[in-house]
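Peer 1: Could you build the full structure based on these sequences and the hints that come with them?
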Amino acid sequence: METKPSKFWVYAAIIAGSLLTLAGIAALIGYLSLPLSFLFEDILSYEIGQIAAVYLGLFCGPLAIFHGYRSVTNHRSNPFKLPPFYIYWIILALALGLGSLILNIDLFVELLFPPIFILGAALSTLAVLAWAYRKMGWPITWRQAALAFVSGSTLSIIVTILLGTTLPYFAYLLLEPVWYIADEFAYLGWGTPGFIERLFSSPLILVFLAVTAVQAPIPEEFAKALGIPLFGRKRIQNGRQAFALGLASGAGFAILENMLYEGLYASHNGWGWAGITLLRSIGSVLHPIGTGIIALGWFRMKGGGGSKLLKAYFLSVGLHTLWNGGFEPLVYLTGLDYFAGAGSSLSLYGETLNVLLVSYLVLLSVGLWWLLRKIVNELSERITVDLTPTTVSRRAVAVWALACTIIIIPIGAALSPAWNAIQNLILGGAP
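The numbering of the sequence shown is the numbering used here, which starts it at 43 and goes up by one.
Honestly, the hints are just simulated from the structure, not real lab data.
Hints should not be assumed to be uniformly reliable.
[Claimed, not checked] FRET-style restraints, in silico, Cβ to Cβ:
| no. | residue 1 | residue 2 | range |
| --- | --- | --- | --- |
| 1 | F150 | A54 | 38 to 44 Å |
| 2 | S87 | G139 | 21 to 27 Å |
| 3 | L153 | K276 | 48 to 54 Å |
[As the list claims (entries may be wrong)] Straight line, CA to CA, 25 Å or less: simulated SDA-like cross-link-like pairs of lysine to any residue:
| no. | residue 1 | residue 2 |
| --- | --- | --- |
| 4 | K350 | L364 |
| 5 | K350 | E420 |
| 6 | K123 | K276 |
| 7 | K416 | A172 |
| 8 | K344 | R275 |
| 9 | K416 | W131 |
| 10 | K353 | L209 |
| 11 | K416 | F122 |
| 12 | K276 | N120 |
| 13 | K177 | N280 |
| 14 | K49 | F122 |
| 15 | K276 | E420 |
| 16 | K123 | I56 |
| 17 | K353 | A258 |
| 18 | K353 | L272 |
| 19 | K276 | W184 |
Glycine residues also receive a C-beta, built at the ideal position from the N, C-alpha and C atoms.
Peer 2: So this is what it looks like as structure tokens:
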């Protein structure tokens, strides 16, 4: 049974949708006119930015207007249903192949590639929704899904940007009194040849990775879930609906973040666009499941107190941190390899570190898909999902930890002077 949302938020959605639509029309005009204005220049990066704005304005904007208007006029909203999830993956495979061909042979790239770029960023995330919603029996309506999705694409993005610009400042105020500790690492020789090797073989790398991993998950997981309370606990009938709304909000956020990272590779390192898009597609469950877990914890809060929400939030932050701990170094090192040209770069180690980091992320993604399946199955069977890590068996934790260790230990070896000796030993040569 569907209940109507607050009129205030309905009108807010209509106004926001109208502004988004107007901005999308302006972005579309810019997208179509850029190739005519710069006939002999490389404008792909600008076109990607424009097509992202077109998506946000002309897809999310009309969604908010349409469903807001139908709510005002008391129209019933039908259950939100999507095609089978494998349809999205088939189209994604075709898009990756066609997009790579267009980039590599430079075939009207500015005109043909941006729409394919949108498909690459969105399809796998929509596949997550299609699979989960079908398993849960289509628990929410089109109106609920649309407004949660638009919230994740707009409100969550704005709050993330605001928090992302302020939290580092507060972190600096907390850490500045002990900054003198950095003097202990003066031997690294900042900016000199061989700096990367010395950095990765020093304890300081743990600090850099921790800061990189945690500074995004904390504000992002908070911001992605902001739209869920707007529906009100009284309008959400059960845990399946709460989790489904969280999935939709996280999906809206994920698609725009995909555009950010995949756009970097398409604009500056075309050969890697398909690879990074495929990797993020495999891990596309990350943002939806994170917000879904928080939404479920928020729904359960009325019966179990604030601890339910806090456990869910920190679980999501932890999962997000595990992903960023592998993905951010991959982006940094592949970018260093592309832009540095000389000096310390990933090319010193061949493709070893690339493969290891990608393997870690794929393994983590498999774990996230398993967790999604577990939650969805329990919600479908009306089992109360315990959001604490103790729900995972000790054997599963041990197997997962062993698999991660098998990957992570070689990463450390690849970034230390011991790597050459290990290679010689394996290949039968003298150390």
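Peer 1: All hints are to be evaluated individually against the structure, with a verdict given for each.
Peer 2: Structure-based check of each hint:
Distance hint check for F150 and A54: the Cβ-Cβ separation is about 41 Å, which falls inside the suggested range of 38 to 44 Å. Against the hinted window of 21 to 27 Å, the Cβ-Cβ separation of S87 and G139 comes to about 22 Å, which satisfies the hint. One distance hint, 48 to 54 Å for the beta-carbon pair L153 and K276, holds here, with the actual separation near 49 Å. For the hint pairing K350 with L364, the CA-to-CA distance comes to about 21 Å; that is within 25 Å, so the pair holds.
Taking the CA atoms of K350 and E420, the gap is near 17 Å; set against the 25 Å cutoff, the hint holds. A threshold of 25 Å between alpha carbons decides the hint, and for K123 with K276 the separation of about 23 Å falls inside it, so the pair holds. A C-alpha spacing of about 16 Å is found between K416 and A172, which places the hinted pair at or below 25 Å, so the restraint holds. Between the alpha carbons of K344 and R275 the distance comes to roughly 9 Å, so the proposed pair stays at or under 25 Å and holds.
Distance restraint check for K416 and W131: the Cα-Cα separation of roughly 22 Å lies within the 25 Å cut-off, and the hinted pair is therefore satisfied. Restraint check for K353 and L209: satisfied, since their Cα atoms lie roughly 22 Å apart, inside the 25 Å limit. Among the hinted pairs, K416 with F122 is consistent with the structure: their alpha-carbon atoms are about 22 Å apart, no more than 25 Å. The suggested pairing of K276 with N120 holds, with an alpha-carbon distance near 19 Å, which does not exceed 25 Å.
As the CA atoms of K177 and N280 are separated by approximately 15 Å, the hinted pair is consistent with the 25 Å bound. Distance hint between K49 and F122 is fulfilled; the C-alpha atoms sit about 22 Å from each other, no more than 25 Å. Of the pairs offered as hints, the one joining K276 and E420 holds, with about 22 Å between alpha carbons and a cut-off of 25 Å not exceeded. Between K123 and I56, the direct Cα distance comes to roughly 23 Å. Compliance with the 25 Å bound is thereby established for this hinted pair.
Pair hint K353 plus A258 holds up; C-alpha atoms about 18 Å apart against a cutoff of 25 Å. Straight-line distance between C-alpha atoms of K353 and L272 comes to about 21 Å, which keeps the hinted pair within the 25 Å bound. For the hint pairing K276 with W184, the CA-to-CA distance comes to about 18 Å; that is within 25 Å, so the pair holds.
Hint check: no violations occur; every hint is consistent with the structure.
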